[in-house]
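S.K.: Protein chains in written order, with the numbering used here: chain A, 8 to 304; chain B, 13 to 318; chain C, 12 to 302.
One should not assume that every hint holds.
[To be verified] Here are the simulated DMTMM-like cross-link-like pairs (lysine to aspartate or glutamate), alpha carbons at most 25 Å apart as the crow flies: (1) B:K279 - B:D260; (2) A:K24 - B:E127; (3) A:K24 - B:E77; (4) A:K205 - C:E39; (5) A:K24 - B:E183; (6) B:K228 - B:D165; (7) A:K18 - B:E137; (8) B:K228 - B:E182; (9) A:K24 - B:E137; (10) C:K136 - C:D255; (11) B:K20 - B:E261.
[To be verified] FRET-style restraints, in silico, Cβ to Cβ: (12) B:N194 - A:A33: 43 to 53 Å; (13) C:L172 - A:V228: 38 to 48 Å; (14) A:R53 - C:R293: 51 to 61 Å.
[What the hints assert, rightly or not] Chain C is nowhere near these chain A residues, computed Cβ spacing over 12 Å in every case: (15) P28; (16) L65; (17) P70; (18) D87; (19) K91; (20) M112; (21) L157; (22) F171; (23) F180; (24) P226; (25) A273; (26) L277; (27) R292; (28) R294; (29) Y296.
In case anyone wonders, no lab produced these hints; they're calculated from the structure.
In this text, a Cβ means the ideal position worked out from N, Cα and C, and glycines have one as well.
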Amino acid sequence: MMDQPSHAFTKTSILPKPVAPSGPLAQYIHCLRASFGHSLTLMLRRQRIIFAAVITFLPVVIPLAIAFLSDSQFAHSGMDVFSKMAGEAHINTLAPLLALFFATMIIGEDVESRTIPLMLTRPMPRSAWVFGRFGAYLMVSTAILGTSMLLTFGASTALSDLAFDRDGFEKLFTYELAMLLALMANGALALFLGAVTKRPIIIGLIFLYGWQRLATFVPGVVDFLTIMKYTTEMLPVALESTNQVVREEILEFKKQQYLVGASKAAITLLGITAVLLGGSVVVVRIREYATDRAAGT
Amino acid sequence: MSTIISAKNVSKWFGEVVALNDLNVEIETGVTGLLGANGAGKSTFIKLALGLYRPSRGSVTVFGESPRNNAAVLRRIGYCPELDTFYDNMTGYEYVYWLSRYWGMSAKHAQVAAEQACDRVGMTERMDDPIEEYSKGMRQRIKIAQALSTDPDLLFLDEPMAGLDPQGREEMFSLIRELGDNGYSVVVSSHILYEVERVTDNVVLLFQGSIMAHGKVREIRSLIDAHPHTIHVDCSAPRILATHFVQDESVLHLDFEGESRLVIRTKDPNACYARINAAALEPDVEVTRIHCADDSLQAVFDYLVK
Amino acid sequence: MPVYTRSYRNYEGTFRRRGRWMLIVEQELRILVKGKIFQFLCLGAFLHWLLRLFQVVAYDVIMQDPNHPMAAMLQQAKFLTVNETAFFDFLRIQAPMVFLICLLAGSGMICNDVRNNLMEVYFSKPITWRDYALGKLLSLVFVGLGFTALPAIVLVVIHNLLAPGWETLTTTIWWPVEIAAFSLVIVLPFSLGILACSAVMQSQNYAGITAFMILVANGVIAALLAGFLQEENYLLLSYPMSLDRIGQAIFHQPNPVFNLGWGWPMAFVAMVCLLCSVIITRVVRRAECAP
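Pulled out of the complex, with its shape left as it was, chain A reads as follows (with noise of 0.2 Å):
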């Protein structure tokens, strides 16, 4: 035992004493806050970011291109081609990307750049670093592909069919609700892998542009196992659809591929999104980050 269990020290400090917040609400905030803005600084100051909105401005091109390249620019509906645009490019495609590309990293750059014991040495609650990360991940990634969808449906209003009116609006905000969620979830996968392993990229590409693809093919309920049957779920409008009897009998099709609808799909990705964050507390308050991890080092 101690000798003397208080611990109590007489030190004369050569620096003012630090305040902490009092209250474990307060800290936790605090640390919330510290993380986010942390995260937040170091994503906007790199130049990679650059990289990733520009990928993920190019869907705004392919309206521009029908409007402007087409010989029949008025054949092309509007709402469709804003539909296919914002499900297949920034749903199913640019989300998984983005998430690929930031959310690896909330965790992963710690590692790599062997910042993690610092991190780890901070007297704050595990969550609230995840937590204030992954919210940076999320104000970035939603500010770069919100913003690309809204251009798009502008550039979409180009041709018939959209306009910016109230069910313009309505659709748009759907679908930005959408690829919120799959942002959400992504990230989440994204995150959970980067503090799982080392190579996070290469299990993610696996996961989200391997199986899911690859599960979408296979009969019966295996895609339910993906992030994809969910946010595809989400969308208001089938994606293969071109007119009216088409789109009626893909989405009687899809009823015999076991529909789960939009409200349960929102709340299933909400529920990926929290089981992925809580696993990547668990983990990162189990695993052992240190980098050298050599013997006796």
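Start from chain A and add chains B and C according to the hints.
M.R.: Here is chains B and C on its own, set in the frame of chain A:
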């Protein structure tokens, strides 16, 4: 004095490699030197005390509690890692600022703390420059600043003198001594004994994951009295001098280094010195220098680890 | 035995004048084969090869023998036919695997050396930037060809061994050349692209995802553009589709993915290779010349 770090039967292994083996040690307040060659287990011990590692067996307590994921303990600890651990695109000031924020300080307090910590390590002029532009010494100082900014009760400095120039070392020595004088507890790891001797005489000597010795340097010295001493004698005729020791039972080993040195390993140094004095009177021998390797802590270390 | 008066002595062997890049290749391959993910991907690629081996054996042993009890059943399975299409498909399916393997092996090749100050170590030895860049590139190319050309050519050899008579040999005489050419078209740009990303980015994870982002975004945008404008030639803008088009030309496949001749996609691939080579050269030479 009170115990601040207590390790009981601590073992830590990574796969098949044992980094620490059944370690029992209690470190008290004040400055403590953690000594050992590369691979002795110094950094592993520090990481166990910081809660970065879980002991494979046994327990480590700091301030009476387990440090792992324990905010109450970590709030009182500062850590300066051995490796350069910096974020890209960040100035020295921002580095200290953000790490103070993570400690739980408000933005306003963190600003003041970062400025004062940078000032304390003499980095005020360069604190707004990107860390990429810093020299090795500046990097070391900014790492110390981040550890100091939260005014910890216990400071772990892992190889703090590595890469510093002589002036930087002197500044570091005086900073550690000042911290110790002001009642801070500091654990300094190093494999260079001279460095530790400059800041404390209280050492923990690690060797291959086990404690070799723990206590004051002079206490450790007394421990080795029973061990053989090595005496180097420079003379013109070492082989003739050696004949004086051949029959001496306390002499364990005789060796020649070059044409002019005799190395004597003896259990009874006083008798050996008397015999050397007697031999030195002979005209052929011409002793020019007698040197005992046990005069420095290095010798203590060498004895203990060999 | 020589007696040395100094503890330090100069190297007394002969210096390797040529093929110093081989050392880099050897070193990279050694590191790569130890990785568990690499071994897992190897297993995946090997399983595909096993399936193709089954196809070759089934075709040559069973389908060619009209008296075989399973012959009638297998005759219906046209996809089992061993022809140029089968090898084109084999390589096409291997391509994503090769990309992943190149990503795994190559994304950290240059940026990790820069991060760990290894460039200085390399260039303090008698290794030039050419040896370094060539060594890194060829290690990826060899690995890539090991998953494409090598197993495919082995299948061609097995096919020839199992097939009766010499007719098969005359039919398949050019297949190894076609396989090698298409494999190189797949592997070389991938390798250069990933190395270029590794040269530009500071982290191997970012290098990997950057390479993948470019590839996926490019493919999706080209496909959407071609779909909406109902002009399949826009698929030329898709890098994977361009590769497919070249493969179709090499293996004499009907129904090309787009109507433009193979020269256009070839020019596209060559341009990508050139751009990537310039990036790699600039970064590596800058490291070599750094004060």
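S.K.: Now tell me if each hint is right for this structure.
M.R.: Against the structure, the hints:
Distance check on the hinted pair: K279 of chain B and D260 of chain B sit about 10 Å apart at the alpha-carbon level, within 25 Å; holds. Of the pairs offered as hints, the one joining K24 of chain A and E127 of chain B holds, with about 14 Å between alpha carbons and a cut-off of 25 Å not exceeded. Annotation: proposed proximity of K24 of chain A to E77 of chain B holds, straight-line Cα distance about 22 Å (limit 25 Å). Straight-line distance between C-alpha atoms of K205 of chain A and E39 of chain C comes to about 18 Å, which keeps the hinted pair within the 25 Å bound.
Using a Cα cut-off of 25 Å, the hinted pair K24 of chain A and E183 of chain B holds, with the two alpha carbons roughly 23 Å apart. For the given pair, K228 of chain B sits about 22 Å from D165 of chain B by alpha-carbon distance, which is consistent with the 25 Å threshold. Only pairs whose Cα atoms come within 25 Å are accepted, and K18 of chain A paired with E137 of chain B is rejected, the gap being roughly 29 Å. Our distance criterion of 25 Å between C-alpha atoms is met by K228 of chain B and E182 of chain B, whose separation comes to about 22 Å.
Pair hint K24 of chain A plus E137 of chain B holds up; C-alpha atoms about 23 Å apart against a cutoff of 25 Å. For the suggested pair K136 of chain C and D255 of chain C, the alpha carbons sit about 42 Å apart, so the restraint of at most 25 Å is broken. A hinted pair counts as satisfied when its Cα atoms are at most 25 Å apart, and K20 of chain B with E261 of chain B does not qualify at roughly 42 Å. A hinted range of 43 to 53 Å is violated for the C-beta pair N194 of chain B and A33 of chain A, which are about 30 Å apart.
Between L172 of chain C and V228 of chain A the CB atoms are about 44 Å apart, so this pair conforms to the stated range of 38 to 48 Å. Distance hint for R53 of chain A and R293 of chain C: a CB-CB separation of about 21 Å, inconsistent with the stated range 51 to 61 Å. In this structure P28 of chain A is separated from chain C by more than 12 Å, as the shortest Cβ-Cβ distance comes to about 34 Å. With a least beta-carbon separation of about 5 Å from chain C, L65 of chain A fails to lie farther than 12 Å from that chain, contradicting its non-interface assignment.
At roughly 8 Å, the least C-beta separation between P70 of chain A and chain C is not larger than 12 Å, which violates its mark as non-interface. A cut-off of 12 Å between C-beta atoms contradicts the statement that D87 of chain A is not in contact with chain C; the least separation is 9 Å. Not every CB of chain C is more than 12 Å from the CB of K91 of chain A (nearest about 7 Å), against its label as outside the interface. Not every beta carbon of chain C lies more than 12 Å from that of M112 of chain A, the smallest distance being close to 6 Å; the non-interface claim is violated.
Its beta-carbon lying about 18 Å from the closest one in chain C, L157 of chain A satisfies the requirement of being farther than 12 Å from that chain. Separation of F171 of chain A from chain C is adequate, the least Cβ-Cβ distance of about 21 Å exceeding the 12 Å criterion. Remark: the non-interface label on F180 of chain A is consistent with the geometry, its nearest Cβ contact in chain C lying 23 Å away (cut-off 12 Å). With a minimum CB-CB distance of about 19 Å to chain C, P226 of chain A clears the 12 Å threshold, and the non-interface call stands.
Separation of A273 of chain A from chain C is adequate, the least Cβ-Cβ distance of about 24 Å exceeding the 12 Å criterion. A cut-off of 12 Å between C-beta atoms confirms that L277 of chain A is not in contact with chain C; the least separation is 25 Å. R292 of chain A, annotated as away from the interface, keeps every beta carbon of chain C farther than 12 Å; the closest lies near 23 Å. Non-interface call for R294 of chain A relative to chain C: holds, since the shortest CB-CB distance, roughly 17 Å, exceeds 12 Å.
Every beta carbon of chain C lies more than 12 Å from that of Y296 of chain A, the smallest distance being close to 15 Å; the non-interface claim holds.
When held up to the earlier numbered hints, the structure conflicts with 7, 10, 11, 12, 14, 16, 17, 18, 19 and 20 and fits the remainder.
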